[in-house]
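*Asks:* Chain by chain, the residues run as shown.
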Amino acid sequence: MSALLKSELRKLIYLRANWLLLLWSGLFAALGTVAPILVLNSDNGPGRGVFSGTETQEGINAVFANAAGGYLFALILGILIMTNEYRHGTAVGTFLVTPKRSTVLVAKLIAASLAGLVIQLFSFLFAITSGFIALTFFEPHAPVPAELLFKVLRASAISGLVLGIVGVGLGALVKNQIAAVTGAVIWTLIVEGLVVAFVESIGKYLPAGAITGLVDVDFGENDFNFSIENYLTPGPATLVLLGYAALFSLIAMRTTLRRDLD
Amino acid sequence: MSSVKIEFKNLSKRYKDVLAVSNFSAQVQSGRVTGFLGPNGAGKSTALRCLLGLVNPTGGSAAVNGGSYSQLQDPIHKVGAVLDSRGFHPGLTAKQNLKIMASASDINFSRIDEVLELVDLASAANKRTKGFSLGMKQRLSLAIAMLGDPEILILDEPANGLDPLGIVWLREFLQKLAGEGRTILVSSHQLAEMQNTVNDVLIINKGVLVAQGTIKEICKGRSLEEAFLELTLRKSA
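Line order of the protein sequences matches chains A and B.
Take the first sequence: its position 189, counting from 1, is numbered 200 in our numbering, and each next residue is one higher.
Take the second sequence: its position 113, counting from 1, is numbered 123 in our numbering, and each next residue is one higher.
Isolated chain A, as found in the complex (with noise of 0.2 Å):
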């Protein structure tokens, strides 16, 4: 197991499309913490009408709960890591080198959970620095306290270890790696939200729903219309997310893993 978990590892590694992708990951989340504050703070913006602005500390949780916000390159990383195999014809020495599948994707489940913590980590990081620079241009402003931190690096380090297996499991799954990408992101993005605009009680299971507890951080109901309280509280919402990734790999090694590699 270990000899493969090295040979997946340099396959992470050696591609030039896993470095773009941690590099737009650190991106997007800094979108998420920077866009926030300037919207909150612009003469026209909710800071100055109905909603706090970053004076506040409602305001402030709201800009750095987004610092977890690249969990979606996880889910996106852990498919490539499996469709990748089937994409470009890989699989078939991959399963002439360790027959057994099911060895083969217990190593990419282990890789794909380092390499999501990883880009977690490094998103996390991009997003706070941006997010305290943007910070200091629209002085003065609430503290960021270190619980508010902490709340969102564990979040962000438990999703990324858990988002990149679910993304193996679902790449197992739907081996089309347009197909499984496209669908991640679409049900990530828009679908999810109006599942939960339609059944709001289901909310708190789905993928994000259970992300939002994970980061477990409240932006004031009056001001957001969210409240935390509708969430699951960390250890349930990580237990949500395992499950997602244990149904999607039990059911891949069920199906599709068993079926004929032509």
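Bear in mind the hints are in silico, worked out from the structure with no lab data behind them.
Incorrect hints may have been included.
Said to hold, decoys possible - Here are the computed distance ranges between Cβ atoms for each label pair:
| id | chain 1 | residue 1 | chain 2 | residue 2 | range |
| --- | --- | --- | --- | --- | --- |
| 1 | B | L175 | A | G194 | 20 to 26 Å |
| 2 | B | N33 | A | S113 | 26 to 32 Å |
| 3 | A | N187 | B | T68 | 22 to 28 Å |
| 4 | A | V210 | B | N20 | 50 to 56 Å |
| 5 | B | Q37 | A | T266 | 33 to 39 Å |
Computed from a predicted structure; not experimentally measured.
Glycine is no exception: its CB is placed at the ideal position from the N, C-alpha and C atoms.
Once you have looked at the hints, place chain B on chain A.
*Replies:* Here is chain B on its own, set in the frame of chain A:
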């Protein structure tokens, strides 16, 4: 003394309405180069993929060294396979692709330079494979197959896409490997080339074994092409 290295026993594979391989039984002896011949769609690739555990047989079995491929300990050290000219990442260099395969089975990286030399690809070791010609891709596939220095080689149409120089190179390469006493099962359309390279012949048509024997037994004084055409056309008729 030769022994059976590869054995197909009543192997069958059905894809929905198509019976790709039907009750196929054959043996490959150790230290011999065996040509696996048949028209397009005859079932050669399917049989080889069943042998390597990539395709699940509908019936029967295929064994390497007396057991299924998936039961082999460290299979890359026992069996090397070339199935098509894909199988490596186009964004990586030849050497990087080989390092990935080598590290998966704890093979020392010094072996990478050896196999690249072996297939005359050392000068392109650090080039990305997306720029490789088909011939270079075939050579890289052979390099990957040789990484574990296996005793058995299974090659599916290794001459596909090769120019005349490449075909000559492949012939000499296979003869060199055969001279080292390796067991080689090679499928090919290049009948003239096969005649000069193989010791034994398996001929399959429409998923069914139509002939098996030494090249002398199969040809009976004719060329391999004549024997092949007669055997496959006669069975088709």
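*Asks:* For each hint, tell me whether it holds in the structure or not.
*Replies:* Each hint, compared with the structure:
1. In this structure the supplied range 20 to 26 Å is violated for L175/B paired with G194/A, their Cβ-Cβ distance being about 47 Å.
2. As the Cβ distance of N33/B to S113/A is approximately 31 Å, the hint placing it in 26 to 32 Å holds.
3. For the hinted restraint 22 to 28 Å between N187/A and T68/B, the CB-CB distance of approximately 26 Å keeps it satisfied.
4. Restraint check, V210/A to N20/B: a C-beta distance of roughly 54 Å satisfies the suggested window 50 to 56 Å.
5. Checked against the hint of 33 to 39 Å, the C-beta distance between Q37/B and T266/A comes to roughly 35 Å, which is consistent with it.
Consistency with the previously given hints fails for number 1 only.
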